[in-house]
Amino acid sequence: MLATGRLSPDALPGFVESSDGLLGMEFSGRDPQGRRVMGLVSARGIATVVDVNPAFLWEVPETWSLKEAATVPVAYATAYYTLLVRGNVQAGESLLVHSGSGGVGQAIISIALSMGCTVFTTVGVDVVINSLAEEKLQASVRCLATNGRFLEIGKFDLSNDSPLGMSAFLKGVTFHGILLELLLRDDSGWRRVAELVRTGIALGVVQPLDVILYPSDEAEAAFRFMASGKHVGKIVLQTRPEEDQQLQPSPLCVDVTARTWFYAHKSYVIIGGLGGFGLELAEWMVKRGCRKLLLTTRSGVRMGYQRLCLHRWKKAGVNVIVSKEDASTEGGARNIIQKAVAMGPVGGIFNLAVVLHDGLLEGQTAEAFEAVFKIKICGTQNMDELSRLYCPELDHFVVFSSLASGNGNVGQTNYGYANSAMERICERRSAHGLPGLAIQWGAIGDVGVFYEMMGGDAIVAGTVPQRISSCMSVMDTLLNQSHPVVCSCVKADTSCEATANEKHDIVDSVLRIIGVKNSSHLNTDVAFGEIGMDSLMAVEVRQTIERECKITVSMQEVRRLNINQLRQISQDIGAKKNK
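Residue 139 in full-length UniProt numbering sits at position 139 of the sequence shown; the count goes up by one each step and never skips.
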């Protein structure tokens, strides 16, 4: 694949618009036989290779470059579908086309003029092709003549359920929503559009659009220029230069990851399933075929979002049981397994439960340790033993661990130890030939305990929060490998080379952690330990110093530090970097 068009979100089909990556839907390149082709693919076009249905391909004319060809598929497929399939435009009719400098606008104008239509902007037109929104859409409707057709190719008003005055239809007009994704799923409709494009190419009606070319290593600049809305026609990313002569593509070997699928007849248990991460995991599993879910919770259904998820799953035909049984007790764990077995053979057990009692080791109590241990260690151990007896068809035994186990955290010794014990259980299961996987997650940026406590931008132990969409994307990889303990986190940029405008002063950062809003009245020689810094604050201060200054300090040194000393450390490091 040599070139790809970049579409704005409004131009993308609805089923693609909601995906994480709004990347090119159209492309040009060479097929396995070496022929130059252009085509459509569902928002996966920015790549060196694409897997595409041959029905969505056209051969590129000899007089076109692949760069030019990449501008054609979406614009002209949409234009022909809009004008001839849905709009039934006839020769001699008048059209009002908005955003005529855009890709689809240029294509529609070219086709309409070739048919002998009049293209202009005034009242009394037979057809309006619209991509504008809100009051501009309303004004465009008023431009229609009697029995006119309004062809809406924009998505804004459709997705926002914007009102349209019914009085407009007193003139016998019709309103058509043009949704390209519906066409791609309609074989007969698509065949007609594909043939119209093919005929248009042969007759010279279909011509490449204005194009601005960016090499692939300038993708960010291309996206920023696209967002500015200053371009005419299409922006094209070139993944590699076009060859001067036809070459036979070499055989392609691609590393792939199996797509995880959950059996509809099996039941799946999620301990802590009504938490933030638990709900996201359950949603992911439902989308992957799961139809029998047992979710455990300590507090029951308390929030509206939890009720919404449960209602949505049940409406989709998913059998969901919410249980308040305590998996950390043998009786509670047994009841959970028995309920799951009654639903169907247990196919997966996921332990996501978390209880936190943070504090330095010397300040911990036996009760605080036990509270954290119970659901992690006892719950996992109970599920391990019972699943060996009652779950012969188990495919997944997964526990969510933490970097507090792998990297350590001086303020979370109990939590780190509990996660480490879960990992040992998974290693033992794996050694016995049973499914067992512990995932050490870093901080999660959108949901869960860390997000509620620290927000989505905090940096801890050299990592930044991982977005939940990223977590779910990596699940396929983690569930389809053989190691019993794995890690997923996003490393922070620990560089100290940013300018003062890009990064807060280290002293300000530390004082903010301690809770000092105005430092002008502080004695700069007083140790931080004497101005209200508790043990957990000290942990965060130490992590901040290590991250920003790349030096290691002990807890005692942190307590003895004062503003002047910290300022001197920062200046010394800055001086070394400037040498």
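One thing to keep in mind: the hints can contain errors.
Unchecked claim - The calculated SDA-like cross-link candidates involving lysine to any residue, where the alpha carbons are at most 20 Å apart (straight line), are: (1) K171 to R142; (2) K491 to T552; (3) K171 to G204; (4) K67 to G92; (5) K230 to E218; (6) K287 to R302; (7) K67 to Y263; (8) K324 to Y305; (9) K339 to V301; (10) K287 to K324; (11) K491 to S430; (12) K491 to G406; (13) K171 to E93; (14) K287 to Y263; (15) K550 to C487.
Unchecked claim - Simulated DEER-style distance windows between Cβ atoms: (16) E62 to Y305: 40 to 48 Å; (17) R467 to V526: 21 to 29 Å; (18) R567 to G532: 31 to 39 Å; (19) E330 to R512: 41 to 49 Å.
These are calculated hints, taken from the structure and not from any lab test.
For each residue, glycine too, the CB sits at the ideal point set by N, CA and C.
Hint-by-hint comparison with the structure:
no.	hint	in the structure
1	K171 to R142	holds (10 Å)
2	K491 to T552	holds (18 Å)
3	K171 to G204	violated (37 Å)
4	K67 to G92	violated (34 Å)
5	K230 to E218	holds (17 Å)
6	K287 to R302	violated (24 Å)
7	K67 to Y263	violated (45 Å)
8	K324 to Y305	holds (18 Å)
9	K339 to V301	holds (19 Å)
10	K287 to K324	violated (25 Å)
11	K491 to S430	violated (28 Å)
12	K491 to G406	holds (14 Å)
13	K171 to E93	holds (17 Å)
14	K287 to Y263	holds (11 Å)
15	K550 to C487	violated (23 Å)
16	E62 to Y305: 40 to 48 Å	violated (57 Å)
17	R467 to V526: 21 to 29 Å	violated (40 Å)
18	R567 to G532: 31 to 39 Å	violated (19 Å)
19	E330 to R512: 41 to 49 Å	holds (47 Å)
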